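**Student:** What follows is the residue order along each chain.
Protein chains: 2
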Amino acid sequence: MVRVQHAQLMSFVSQCLRTAGAADSIAEAMATSLVEGDLLGFRTHGVRRLPYNVKQLQSRAMKGQGEVQVLRRRSAIETWDAEGLSGLYVAPKAVRTAIRMARAAGTGTVIVKRCEHVASLAAYLQAATDAGMVISMIAATPAQSSVAPFGGVQRVFSPNPYGFAAPTSGEPLVLDMSFSITAAGKVRQAYDRKEQLPWPAIIAKNGEATADPAEYIERDGAILPLGGTDLGYKGYGLCLMSEILTLGLSNYGRLQGAFDGEMNTLYVHVADPEAFGTRQDFLTVTDDLLRRCRESAPAIPKAAVRIPGERALELKRTQLREGVLLDELTWPRLQHLAQKLNVPLPAATLVELTD
Amino acid sequence: MVRVQHAQLMSFVSQCLRTAGAADSIAEAMATSLVEGDLLGFRTHGVRRLPYNVKQLQSRAMKGQGEVQVLRRRSAIETWDAEGLSGLYVAPKAVRTAIRMARAAGTGTVIVKRCEHVASLAAYLQAATDAGMVISMIAATPAQSSVAPFGGVQRVFSPNPYGFAAPTSGEPLVLDMSFSITAAGKVRQAYDRKEQLPWPAIIAKNGEATADPAEYIERDGAILPLGGTDLGYKGYGLCLMSEILTLGLSNYGRLQGAFDGEMNTLYVHVADPEAFGTRQDFLTVTDDLLRRCRESAPAIPKAAVRIPGERALELKRTQLREGVLLDELTWPRLQHLAQKLNVPLPAATLVELTD
Numbered sequence: 284m285v286r287v288q289h290a291q292l293m294s295f296v297s298q299c300l301r302t303a304g305a306a307d308s309i310a311e312a313m314a315t316s317l318v319e320g321d322l323l324g325f326r327t328h329g330v331r332r333l334p335y336n337v338k339q340l341q342s343r344a345m346k347g348q349g350e351v352q353v354l355r356r357r358s359a360i361e362t363w364d365a366e367g368l369s370g371l372y373v374a375p376k377a378v379r380t381a382i383r384m385a386r387a388a389g390t391g392t393v394i395v396k397r398c399e400h401v402a403s404l405a406a407y408l409q410a411a412t413d414a415g416m417v418i419s420m421i422a423a424t425p426a427q428s429s430v431a432p433f434g435g436v437q438r439v440f441s442p443n444p445y446g447f448a449a450p451t452s453g454e455p456l457v458l459d460m461s462f463s464i465t466a467a468g469k470v471r472q473a474y475d476r477k478e479q480l481p482w483p484a485i486i487a488k489n490g491e492a493t494a495d496p497a498e499y500i501e502r503d504g505a506i507l508p509l510g511g512t513d514l515g516y517k518g519y520g521l522c523l524m525s526e527i528l529t530l531g532l533s534n535y536g537r538l539q540g541a542f543d544g545e546m547n548t549l550y551v552h553v554a555d556p557e558a559f560g561t562r563q564d565f566l567t568v569t570d571d572l573l574r575r576c577r578e579s580a581p582a583i584p585k586a587a588v589r590i591p592g593e594r595a596l597e598l599k600r601t602q603l604r605e606g607v608l609l610d611e612l613t614w615p616r617l618q619h620l621a622q623k624l625n626v627p628l629p630a631a632t633l634v635e636l637t638d
Numbered sequence: 284m285v286r287v288q289h290a291q292l293m294s295f296v297s298q299c300l301r302t303a304g305a306a307d308s309i310a311e312a313m314a315t316s317l318v319e320g321d322l323l324g325f326r327t328h329g330v331r332r333l334p335y336n337v338k339q340l341q342s343r344a345m346k347g348q349g350e351v352q353v354l355r356r357r358s359a360i361e362t363w364d365a366e367g368l369s370g371l372y373v374a375p376k377a378v379r380t381a382i383r384m385a386r387a388a389g390t391g392t393v394i395v396k397r398c399e400h401v402a403s404l405a406a407y408l409q410a411a412t413d414a415g416m417v418i419s420m421i422a423a424t425p426a427q428s429s430v431a432p433f434g435g436v437q438r439v440f441s442p443n444p445y446g447f448a449a450p451t452s453g454e455p456l457v458l459d460m461s462f463s464i465t466a467a468g469k470v471r472q473a474y475d476r477k478e479q480l481p482w483p484a485i486i487a488k489n490g491e492a493t494a495d496p497a498e499y500i501e502r503d504g505a506i507l508p509l510g511g512t513d514l515g516y517k518g519y520g521l522c523l524m525s526e527i528l529t530l531g532l533s534n535y536g537r538l539q540g541a542f543d544g545e546m547n548t549l550y551v552h553v554a555d556p557e558a559f560g561t562r563q564d565f566l567t568v569t570d571d572l573l574r575r576c577r578e579s580a581p582a583i584p585k586a587a588v589r590i591p592g593e594r595a596l597e598l599k600r601t602q603l604r605e606g607v608l609l610d611e612l613t614w615p616r617l618q619h620l621a622q623k624l625n626v627p628l629p630a631a632t633l634v635e636l637t638d
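For the record, the sequence lines run as chains A and B. So the first sequence is numbered by the working numbering: it starts at 284 and just counts up by one. So the second sequence is numbered by the working numbering: it starts at 284 and just counts up by one.
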């Protein structure tokens, strides 16, 4: 692993994106979103995805200039067509718009179709909690299918991430999860390493649940929904909910977006606690709830119960201070990109890690 | 089991509630909500709960007259204090208000604190889908704790139900689930029958997951969140989300409502597909999604993939036609109540069932 100072990494990423054709403000926002993924520890969804974004910009599959089209507008909602702009640029913009609507109407919802891949949802949530808001986000990928419905063996849903965050008196609660039993990336990783998955996460064509990643990679099995073979109707229900709120409300589903590659449809919903009650009383109740969780006796001695996002936010603070860690799958890609685009590589310090 | 004609059951339930002190319109709404639970097959949350409601009305713990107080109002939200009115009456009212707001603002959200027990969330969802709306509902119970946070052994959350429904070209999708790995009622039932649970759903005080219901009933264990000991951080995150949207936004949490018995806090959120796009395009996308699920090859031969709510809605049609089934835990309670309140019992036919 290497460590790169945050400001230098930001400027490198942003310069690469500008060189590839992104307007200044778009490049800046995209760099912020990607680097935020690394800051929070979502390394598969951070600057490791810079080469993909550069390639999409260069091929004009991703728009580097222009603006979203607002298709519909009411006091509490907007529907956007991003027309191939980057989700890294569009998502924070959607969050800002949802916050603005929530301040007036109580809640604000923005649905965005056809934005290029958003990377990590967690990267966008703190903008809302910093403004005192509660936020929910969902991303679906209409051209991807990897998760089976409960009781079925075929791939129907994309492994739609769900993000939720709420302000507290201290650090915000930040949740980023999916409604499937594992991520497709983890199945690929186990397969590459010739390992079994830690639990039966795949449903094979013959209807058997299995921990063998080859059933997914080689033999067209599907990922099980959260809850697996017993309680998978819950994860299945949540997958349906997530695709109806994204693909359904945006009027752009798997038929319409079948050839959209990694393009996402986003659901951004913000609620203003000050509209429903008072900020102080909201914080009192939320703080008390989190305190009850933290103070619960742990299942494993000394392994205290954690609040979602706690570790990620701690890692962010450390990395802002000491520099951002980039692993052996990421740094060589940035080196290669620097050479290709003729953009000076930031200074990096080698780090020996035992993780 | 016995079978009672729907209209007769409605009139009996409503008369009992009036006799116990509920105003006509309140008794009517309460009866509709309770009977709807039975129609959809949620027998633990149907008229079996009539004696509880009568008792609460008689003791004045539940208000039988009066109206909710609207504490806050913006174009897309309202916050209500039900001041002890029945959730059976208040929930459908909140759904109607949310629908009205959604028609104008795009979405409508109503948060209700201090309503008496709502019974089955599924009973309220179809009013929204009949109006062409997408609906999400959550109920929390501030005085109840039974579900542990991930990594902990203490009871923190109530087993908060989550409801979601969306219209389609045919029957609506209707989901009613919880974010815990099992319901407290199922643990009680297994304990009473001296059976083990079908999977390790309880976390014992020593931190071990177990299928033994006695660990919960006798030794103060806790129910695990959805996802269990492996993926329970997901169910834990969803429990936190559900209590922040209810208790947090209503400014009324576990400290404030510690002695509220079965009183609920509700979150009702409605989105109007016609605000975000067109009704026809919404239905096209949603129908296509459900078709992909239905047409998935089944994991078990001939056991076709089902859409959430499919069986419940079929049961409702049958029971509206042939009469409502009441089981051996419910019918004797109604007989007893009829005698106590001096309300004529509806005619019942004995049914032999093999279920």
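Keep in mind the hints are simulated off the structure, nothing from the lab. It is possible that some hints are incorrect.
Note that the list lumps identical chains together, so a pair holds whenever it fits in one copy or between two copies.
Okay, derived cross-link-like pairs now, DMTMM-like style, lysine to aspartate or glutamate, Cα gap no bigger than 20 Å in a straight line [stated by the list, open to error]:
#1 585 <-> 513
#2 338 <-> 557
#3 376 <-> 571
#4 488 <-> 578
#5 376 <-> 350
#6 585 <-> 491
#7 469 <-> 593
#8 623 <-> 570
#9 376 <-> 611
#10 338 <-> 570
#11 585 <-> 475
#12 488 <-> 503
#13 338 <-> 491
Computed from a predicted model, the values in this text were never measured in an experiment.
**Student:** Hint compliance check: list the failing hint numbers for this structure, sorted ascending.
**Tutor:** 2, 3, 7, 8, 9, 10, 11, 13
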